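J.: Read off the chains here:
There are 2 protein chains.
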Amino acid sequence: MSTKLTYSEFGELGNAMTQSGQSTTGQTLLFLTDEQLRKGTEAMFFAYRGFTADPDRILSERGYGRAHHRAVHFIHRSPGTTVNNLIAILGVTKQSLNRVLRTLVEDGLVLNTVGKKDKRERHLYLTETGTTLERALSDAQRDRMRAAYRAAGPSAVAGFRQVLEAMMDQEMRRHYDTLKDRIE
Amino acid sequence: MSTKLTYSEFGELGNAMTQSGQSTTGQTLLFLTDEQLRKGTEAMFFAYRGFTADPDRILSERGYGRAHHRAVHFIHRSPGTTVNNLIAILGVTKQSLNRVLRTLVEDGLVLNTVGKKDKRERHLYLTETGTTLERALSDAQRDRMRAAYRAAGPSAVAGFRQVLEAMMDQEMRRHYDTLKDRIE
DNA sequence: AGAATACGTCAGCTTTGTTGACATTCCAAG
DNA sequence: CTTGGAATGTCAACAAAGCTGACGTATTCT
Chain A
1 MSTKLTYSEF GELGNAMTQS GQSTTGQTLL FLTDEQLRKG TEAMFFAYRG FTADPDRILS
61 ERGYGRAHHR AVHFIHRSPG TTVNNLIAIL GVTKQSLNRV LRTLVEDGLV LNTVGKKDKR
121 ERHLYLTETG TTLERALSDA QRDRMRAAYR AAGPSAVAGF RQVLEAMMDQ EMRRHYDTLK
181 DRIE
Chain B
1 MSTKLTYSEF GELGNAMTQS GQSTTGQTLL FLTDEQLRKG TEAMFFAYRG FTADPDRILS
61 ERGYGRAHHR AVHFIHRSPG TTVNNLIAIL GVTKQSLNRV LRTLVEDGLV LNTVGKKDKR
121 ERHLYLTETG TTLERALSDA QRDRMRAAYR AAGPSAVAGF RQVLEAMMDQ EMRRHYDTLK
181 DRIE
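From first to last, the protein sequence lines are chains A and B. Position one of the first sequence corresponds to residue 1 (the numbering used here), numbered consecutively onward. Position one of the second sequence corresponds to residue 1 (the numbering used here), numbered consecutively onward.
Treat the hints with care, since some could be wrong.
When chains are identical, the list treats them as one kind, so a pair holds in a single copy or across two.
Taking lysine to aspartate or glutamate and the EDC-like style, the derived pairs with C-alpha atoms no more than 20 Å apart in a straight line are [said to hold, decoys possible]: (1) Lys117 - Glu35; (2) Lys39 - Asp54; (3) Lys119 - Asp34; (4) Lys39 - Asp177; (5) Lys39 - Glu171; (6) Lys39 - Glu134; (7) Lys116 - Asp143; (8) Lys94 - Glu171; (9) Lys117 - Glu171; (10) Lys94 - Glu106; (11) Lys116 - Asp139.
Because the hints were derived from the structure by calculation, they are not lab data. Fair warning: this is a prediction, and the values are worked out from it, not measured in the lab.
Can you build the whole structure from these sequences, using the hints too?
T.: And the structure:
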């Protein structure tokens, strides 16, 4: 009840006020109606669908799912990463990841080497075939991202990234920031 | 092979070039490295997780899932929408939607009325309880979105929306644009 | 009258997540 | 050297949420 500020109550005023910032104080003021925020959540919803649509097509052709994509992506990003690392990044249980990882190893897309320093750990690498799939997937996904970036322009891209980064959990932000969560 | 432009090949130059646009032609030129685009896809991945985290907590407390959230959201957005409409927006099969909708009706969150003009259609409305849940969910989600918006600033928000909108499928863009896909 | 549409439902299958239990291997501390 | 705990893997059972296919009913359109 306290946050009942529908766009009808604000009328047309709301949209105009979104763009207005008070730069004198250094602290930017934003007046956000529920309607504007709803539009933002729906933008996320619909855009994420588009974002995954192209890779999903490729994956289903080869009998894989989105979980395989994520695993392949992050192994490609930081080769030699451990299973536990991957679990933390992906936010799934080891059982869930293991099922995906097992099929990828069986199919010869991922390599599984015992750690030299700590032999309990398994270090994960993409094979040739794995790299090929990763490239196909990321090419498809990047094409759309590139098109969106081009359509929106450079300053829009910067804003896009800023908002997304502010929307992450702090914990995930750490994974996002580190290029490599490497090994010894 | 043709798109093998890793960030190492571009070196430090890449990041600087992202921000540079040629505004003289009207057509903005963007030089995007694979690394920059990868950062964008990961931003989407991590941010979407944050985006759904808060509602997910509330939902699981009450024995619902993300699918229920989506249904409740879009019924709230356009009260009286039909089942077929919802199917088109959500991009799921009627069987899948039906399972969710059935529990919502049974639990008294959603109302199901026969269409006046076309009696084959069922129009969907939220009840009091349904509206209460919707508010709890969207409040949680909006809090994060609001915080992200405030942190990023007004121009970032505009860019955020622009990129997301460019990333949608055209078909979904239509649903996104129409405030109300109403009835007679 | 017959075709098409909107909806609901039954049955079965898949992916991807979850718990819980248990074994193995190994590191490190006592 | 023994032992506790960490890292990994695996088995089993289960749930959410998607899918296809088939069928039935009511209604509307042609």
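J.: Each of the hints needs a verdict: does it hold here or not?
T.: Going down the list of hints, with the structure as the test:
Taking CA atoms no more than 20 Å apart as the test, Lys117 paired with Glu35 passes in neither setting, with 55 Å inside one copy and 30 Å between copies. Only between protomers do Lys39 and Asp54 lie at most 20 Å apart by alpha-carbon distance; the minimum there is 18 Å, versus 24 Å within a single protomer. When the C-alpha separation of Lys119 and Asp34 is checked against a cutoff of 20 Å, the pair qualifies neither within a copy, at 53 Å, nor between copies, at 34 Å. When the C-alpha separation of Lys39 and Asp177 is checked against a cutoff of 20 Å, the pair qualifies only between copies, where the shortest distance is 9 Å, while the shortest distance within a copy is 28 Å.
In the homo-oligomer, the alpha carbons of Lys39 and Glu171 lie at most 20 Å apart only across protomers (17 Å), although the nearest pairing inside one protomer, at 27 Å, exceeds that limit. Only between protomers do Lys39 and Glu134 lie at most 20 Å apart by alpha-carbon distance; the minimum there is 15 Å, versus 33 Å within a single protomer. Within a single copy, Lys116 and Asp143 get their C-alpha atoms no closer than 38 Å, and across copies no closer than 46 Å, so neither meets the 20 Å cut-off. Only within a single protomer do Lys94 and Glu171 lie at most 20 Å apart by alpha-carbon distance; the minimum there is 19 Å, versus 37 Å between protomers.
Taking the closest pair of Cα atoms, Lys117 and Glu171 never come within 20 Å of each other, the shortest separation being 27 Å inside a single copy and 52 Å across copies. When the C-alpha separation of Lys94 and Glu106 is checked against a cutoff of 20 Å, the pair qualifies only within one copy, where the shortest distance is 17 Å, while the shortest distance between copies is 36 Å. In the homo-oligomer, the alpha carbons of Lys116 and Asp139 never lie at most 20 Å apart, since the shortest distance is 33 Å inside one protomer and 49 Å across protomers.
Violated hints, in rising order: 1, 3, 7, 9 and 11; the structure is consistent with all others.
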